[in-house]
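Number of protein chains: 2
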Amino acid sequence: MRPKLTDVAKKAGVSKTTVSRVINNYGYISEKTRQRVYRAMKELNYQPNSLARSLHGKSTHLIGIIFPSIMNPFYAELVQRVEEKLFDAGYKIILCNSAQNKKKERDYLKMLIANQVDGIIAGTHNLGIEEYKNVGLPIVSFDRYLSETIPTVSCDNYQGGITATKELYEAGARHIYFLGNPHQSGNPTDKRLKGYCDEIDRLKLTRHTHTVSFTESASLKSFSIKELLSKSVADGIVCTDDLTALLVLQAARELGINVPNDLKVTGFDGTELVSTYHPELSTVVQPLEDIASVLINLLLERIKNPDEKLKQMEYVLPVTFKRSASIGQIFGQ
Amino acid sequence: MRPKLTDVAKKAGVSKTTVSRVINNYGYISEKTRQRVYRAMKELNYQPNSLARSLHGKSTHLIGIIFPSIMNPFYAELVQRVEEKLFDAGYKIILCNSAQNKKKERDYLKMLIANQVDGIIAGTHNLGIEEYKNVGLPIVSFDRYLSETIPTVSCDNYQGGITATKELYEAGARHIYFLGNPHQSGNPTDKRLKGYCDEIDRLKLTRHTHTVSFTESASLKSFSIKELLSKSVADGIVCTDDLTALLVLQAARELGINVPNDLKVTGFDGTELVSTYHPELSTVVQPLEDIASVLINLLLERIKNPDEKLKQMEYVLPVTFKRSASIGQIFGQ
DNA sequence: TTGTACGCGTTATCAG
DNA sequence: CTGATAACGCGTACAA
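Which chain is which? The protein sequence lines are A and B, in order.
Residues 1 to 333 (this note's numbering) make up the first sequence, in order.
Residues 1001 to 1333 (this note's numbering) make up the second sequence, in order.
Calculated from the structure, these hints are not laboratory results.
The C-beta atom is built at its ideal place from N, Cα and C for all residues, glycine as well.
Check the hints yourself; a few may be wrong.
Derived lysine to any residue pairs resembling SDA-like cross-links, with alpha carbons at most 25 Å apart [stated by the list, open to error]:
1) B:Lys1004 with A:Asn305
2) A:Lys110 with B:Leu1044
3) A:Lys110 with B:Gln1116
4) B:Lys1103 with A:Ser185
5) A:Lys42 with B:Leu1055
Estimated spans, in silico, between C-beta atoms of each pair [said to hold, decoys possible]:
6) A:Ile23 with B:His1056: 20 to 26 Å
7) A:Leu317 with B:Asp1307: 32 to 38 Å
8) A:His175 with B:Pro1279: 26 to 32 Å
9) A:Pro287 with B:Tyr1026: 33 to 39 Å
10) A:Asp107 with B:Tyr1026: 19 to 25 Å
11) B:Thr1149 with A:Lys103: 33 to 39 Å
12) B:Leu1055 with A:Glu148: 34 to 40 Å
13) B:Arg1002 with A:Lys311: 25 to 31 Å
With the sequences and hints as input, model every part of the structure.
Right, here's the structure in full:
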C-alpha cells in the first residue's frame, strides 16, 4: 500500500493538517516542523493522492483530447504540441482516438466526464451537437463547429483553397482538379473546396472535383487517383491533404506523368514530417504551433473563468503557402 | 454543479445505496425501483464520479503511456494500437511524451502515481533504474531494460540487424555500412548493431559504422549522410530506422547515386505510413500489432495479479523483412 | 428488497 | 503556529 498523509503525519509526529499545510504551502508553519515533514515524506517516498484532492473540489488537471487518429501525422503533430504546452501549464492529457466511431466517441465523452477532466479539446464530431452541449464542461474545438457555445479554432481553410488554386494557375495549370473528401457539411475540407470553386470561377476556368473518401485505404485511394490521372486532362490538382497529394505524386510517377511539367500538385497541412521527407511537395501550411497555442489559451481561459462570455467564437488562423518542386519551383532555391 | 448520487436518490425517492446498487448491478433490487432509478439518472444526465469510486478502492482504469514522442510515426502507430486495445478493455490512457527529457519523465512518473493509474507502459528511459523500481506500480517496458522486475517486450532487434545485412549481401552489396545512433548501452539499436557486426564477420566483410544521433534535426542528419555517401565506397547501408533510410534515399537522389544499382538501402520499423508512402523502401518490419498485444496482456495480467511471478521477463517478437526496390527487388512484384 | 452508517485520502474551517 | 473535525461523492458491511 502506498503511504498516505496519515503515515507521513505519524512518522513526523505531527497531525495530518500540518502535513497538508506543508504540502500546499498554506498558513504558518515553523521551519523546524516543515523540515521534519519533508524528511518524513522523502523517507516514505510519499506522493499525494490526486483523487482525494480532486474529490475535495480541487481540479484534476486532466484534459481530454479527442481526435480521429494519431496515425495521421497532422493529428500526431498537433497532439504532440498540445501535450507539450499543456504539460508546461501543469496539465496531463487523456488521449481519445475517436476513429470516426460514434459509439467510441460517446463512450470517451462519458469517461471524460466521469473522470472529472477540467476540459476537452475536440477535433472531430461524429456526434450530434446535443451530446456536446450536454457535457457541461469547458470545450474548445478544432476545425469543426460543435455548438454556438463552443469556440472553434481552425486555419483559414477557405483562403487555403484559393491560394492553392491560384498558385497552380500561376504555375501554368489550366485544367485544375480538386481532389478530396466527398462533400459533407461541417467538414473543414468543405471550405477548402469553396475556396477552390470561387477561385476557379474568378479565373474563368471549369471546376472539376474528384472525391476519395478520407477513410478509404491508401490502395483504394491510389486506384481511384490513377483512374483520374489516366482518364482526365488534368494538369493541376488541388489536394485536400498532404498524404493524398503524395499518393498523386506516386501515381504520376508510376504512370510516367512528369511533375511538374505535365502535372502540378498541391497538398494541404504542411506537417514537419511531410516537409522533411517530401520537400518537393508544394502545400498549404497550417500554423500548427499557433493552432495549438490558441486552443490551449482558450481552454485554460474557459477553465479559469467558465461563465465569462467569450469575445469571439471563431478563430481563423492564416495559412502560408510553401512553393516547391511539385508546382515547378526548383527545390532548394 | 454536476448531479451526484444523492440527487438521483432524491429524485427517485430512494436511498443512495439503492442507486449505487442499480449502477453496479449489486444485490437484489425490484424491477420497479430499478426503472425509477434509471429514469432519474437519465433526467439528471447523471454520470458517476470516477474519482470517488476509485478513492474507495476501485481502480481508476487509467494507464500511463510514456514514449519519447508521437511525432515519430513508429511511436504514433504503436500508441494508437495500444490505445485501441486498451479502450476495448475499458481503460483510458494518459499520454506522456518524455522527449528525452529527464525532468519531464520524472514529473510524469510522479503525476501518474498521484493519479493512481493502474499501470504504466514505458518505451523510454532517461531515468535511472531506481526511479522505476520505486514506482511500486505494474509496469511493462517496450524495447528497454528497466529493472529485473519489469518485463520487457521488443522485436528481435539482433535478428533484424542480421537479416538486413544478409539481405544487402545477397542483393550484391559488399561494402555494407551501418548507419544509426551512437553506441549507447541499453538502447535497442545496439542489438541491431550487434546483429550487423556478427553478420558482417560471418560474411568476412569489413565493418563500417557511421553515427547520426537520433535526436539531431533532419537537415543535420542529411548533411552527415551526404558526407558519408560522397566520401565512402558504400554500396549498401543498414539504417537503424525507416526515417533515416528515407534520408539516405533522398541524399542518394540528390547526389545522382543510383539506387539500387550503386547503393542498396534497408530501413527498420516498417510502419504503415512509410510502407504506404514509400513502398520502395526495403525494411525490417516490427510486428507492431503483436507488440501492442503482448504489452497490454502482460500489463493487464500484472494489474490483475500484482504479486504473481512472471514466467518470463523478456518477450522478443520475430521480425519480418520486406524486400523492395531499394535493394533491387522490383517494386510491385 | 431497502436503508444506515462508516471509510477511502485529502482539504478547509474553526478552535486552541 | 498547530490540531481536531467535518466535508468531498461513492461503495459496502451490517442492520432492518
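Right, here's what the structure says about each hint:
1. B:Lys1004 with A:Asn305: 23 Å, holds
2. A:Lys110 with B:Leu1044: Distance of about 14 Å is within 25 Å: holds.
3. A:Lys110 with B:Gln1116: 20 Å, holds
4. B:Lys1103 with A:Ser185: Violated, at about 45 Å.
5. A:Lys42 with B:Leu1055: 23 Å, holds
6. A:Ile23 with B:His1056: 20 to 26 Å: Given range 20 to 26 Å: holds, Cβ gap about 22 Å.
7. A:Leu317 with B:Asp1307: 32 to 38 Å: 53 Å, violated
8. A:His175 with B:Pro1279: 26 to 32 Å: 28 Å, holds
9. A:Pro287 with B:Tyr1026: 33 to 39 Å: 52 Å, violated
10. A:Asp107 with B:Tyr1026: 19 to 25 Å: The hint (19 to 25 Å, Cβ to Cβ) holds, given that aspartate 107 of chain A and tyrosine 1026 of chain B are roughly 22 Å apart.
11. B:Thr1149 with A:Lys103: 33 to 39 Å: 38 Å, holds
12. B:Leu1055 with A:Glu148: 34 to 40 Å: 37 Å, holds
13. B:Arg1002 with A:Lys311: 25 to 31 Å: 27 Å, holds
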